[in-house]
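**Student:** If you want the building blocks of each chain, they are given just below.
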Amino acid sequence: MTLIRLSGVTKSFPATTRGGSPVVAVDDVSLDVVAGSITGIIGYSGAGKSTVLRLVNALESPTSGTVEIDGRDITRLRERDLRALRSDIGMIFQQFNLFDSRTVAGNIAYPLEVAGRPRAEIATRVAELLQFVGLSDKAKAYPEHLSGGQKQRVGIARALATSPRILLADEATSALDPDTTQEVLGLLRRVNAELGVTILVITHEMDVIRSLADRVVVMEDGRVIEDGAVFDVLSNPRHPATRRFVGSIIDEVPAGEKLRALRERHPGRIVTFTLRDGDVSQSEVFAALAAHDVRFELIHGGITDIGGRVFGHLTLALTGEPGAVERAIVAAGAHAPLIEEDSRG
Amino acid sequence: MDRLVDLLPELWDATFETLYIVSLSLIFGGLLGLLLGLALYATRPGSLFPNRPLFGVLNVLVNFFRPIPFVILLAAVQPAARSVGLPGIGPEFGIFAITIASLFAISRIVEQNLLTVRPGIIEAARAAGASRARILFRLIPREALGPLVLGYTFIVVALVDMTAIAGAVAAGGLGEFAIVYGFKQFNPWVTWAAVLVIIVIVQAVQFLGNGLGRRLLRR
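So the sequences go chain by chain: A and B.
Reading the first sequence from the start, the letters are residues 1 to 345 in our numbering.
Reading the second sequence from the start, the letters are residues 1 to 219 in our numbering.
Please note that the accuracy of each hint is not assured.
[Said to hold, decoys possible] Pulled a few chain B residues facing chain A out of the computed Cβ check, cut under 10 Å: (1) R108; (2) I121; (3) I122; (4) A124; (5) A127; (6) A128; (7) G129; (8) R134; (9) L212; (10) G213.
Treat the hints as calculated values from the structure; they're not laboratory data.
Bear in mind that the values here come from a model prediction, so they are computed numbers and not experimental data.
Ideal Cβ positions, reconstructed from N, Cα and C, are used throughout, including at glycine.
Work the whole structure out from these sequences, hints included.
**Tutor:** See below:
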């Protein structure tokens, strides 16, 4: 079931300088987000991903095109109806954006106070959320006394206060250290799995997409340039920008300078196997090499876990009697896609 | 020195009169300045209720009144005071003039302190479903309370200063006391006694304001 649907959405901002041309932040973007999924939008800064997120909770309104939440076009809603809509959509931020003048409990209570819920109900709900994010002992603390990870947990609790069906995460882990990032990603996975909240995250870190999302949308210059299941896009990136993002977490097939450097250090023939979960049995590849009495050494690459499935490129240097090496390559090639670079480099 | 001892009851009265003028001016000027400051903040481009024409008018208004030296403004607003049925001299006139002078200064201080609230805070509140009016009147002032208290402390000190100047038009208070009994009667002891009391008032206000501001300053 489609929960969020953007159809041909364009958003342009007035020129920042007099006489300049308007800035097109989002350019004809269409996007469907299925209820219960975790969708990641990745792109460099200025790609328009932040604007897309703000179109979903109508903090920005599109110049053209429609945004539908649960089948309802929200681009024509009046301010009052938008406020009701927003209590069904939580949002968390890179800089947390907690209210400094309110305690942790006060921050979490804010969306409920705004929605006019009775005081007793608010107290119960806040206690529940504090428990969920593991900060029950910090209820009376002020944000200034919290660590970054704790602040983001408060941000998540606040975003979930009104039990929204959608959670928007704006670079939610970009200001955090690696350990804290994992902690927050783990919490987001729980929000999705235990509460069934549909999550839309934007990030410039492919690793966040890899470990959190089911589906990835790659944006560049306001357009969607690639869109698909995370495993498919990561194992077979088509657009150059996507390849750069994927290259940041998965070692690519060595080429050019990289290949020359490997060749200088390693004698023998250099071949790269692509390991794709399901299609390739790693052990059969190695067994085929061993059966032909070929010595092999792993010189580059590795395997990555993408949503429980394995993917990677393994670059090997093979040494042995030339005829045996040739036969081994053919035999192993039957088990896995194999790339051998031109030996002259 | 002996003369000063004789004048102690008058000094005492003048001190109370100064406090009276300062506190009423602070209430009127402070409230009006807060409203004008909120209006400046809210109508500026990119803010909660952007309105370029209104912002332009308010901005020019504030820029027009704010640089007028207080002694000159004091004389200039006399007809205005009389037209609303107030006397052109005395403490009530002092309060009237100080309110006008301070409200423009206060509005700028309020505007600037509200601007210290990060835009992300507003975005978070809007994402939480808060109305823009609720954000403007309830959340923003609360988030900026620490700097606002420090700003108002600064203004109270300026109000004490203005009260003393208003003494020149018989507005009462320590300013008039210093001019009438000290300056005009060539008695520096009396003048310095008034100065001393003013210093004590200013220090007390500064101490309280800083303490309160620091307690409220959370970031």
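**Student:** All hints, please: hold or fail.
**Tutor:** Against the structure, the hints:
no.: 1; hint: R108; result: 22 Å, violated
no.: 2; hint: I121; result: 6 Å, holds
no.: 3; hint: I122; result: 9 Å, holds
no.: 4; hint: A124; result: 4 Å, holds
no.: 5; hint: A127; result: 4 Å, holds
no.: 6; hint: A128; result: 4 Å, holds
no.: 7; hint: G129; result: 4 Å, holds
no.: 8; hint: R134; result: 7 Å, holds
no.: 9; hint: L212; result: 14 Å, violated
no.: 10; hint: G213; result: 13 Å, violated
This entry does not satisfy hints 1, 9 and 10, going by the numbered hints stated previously.
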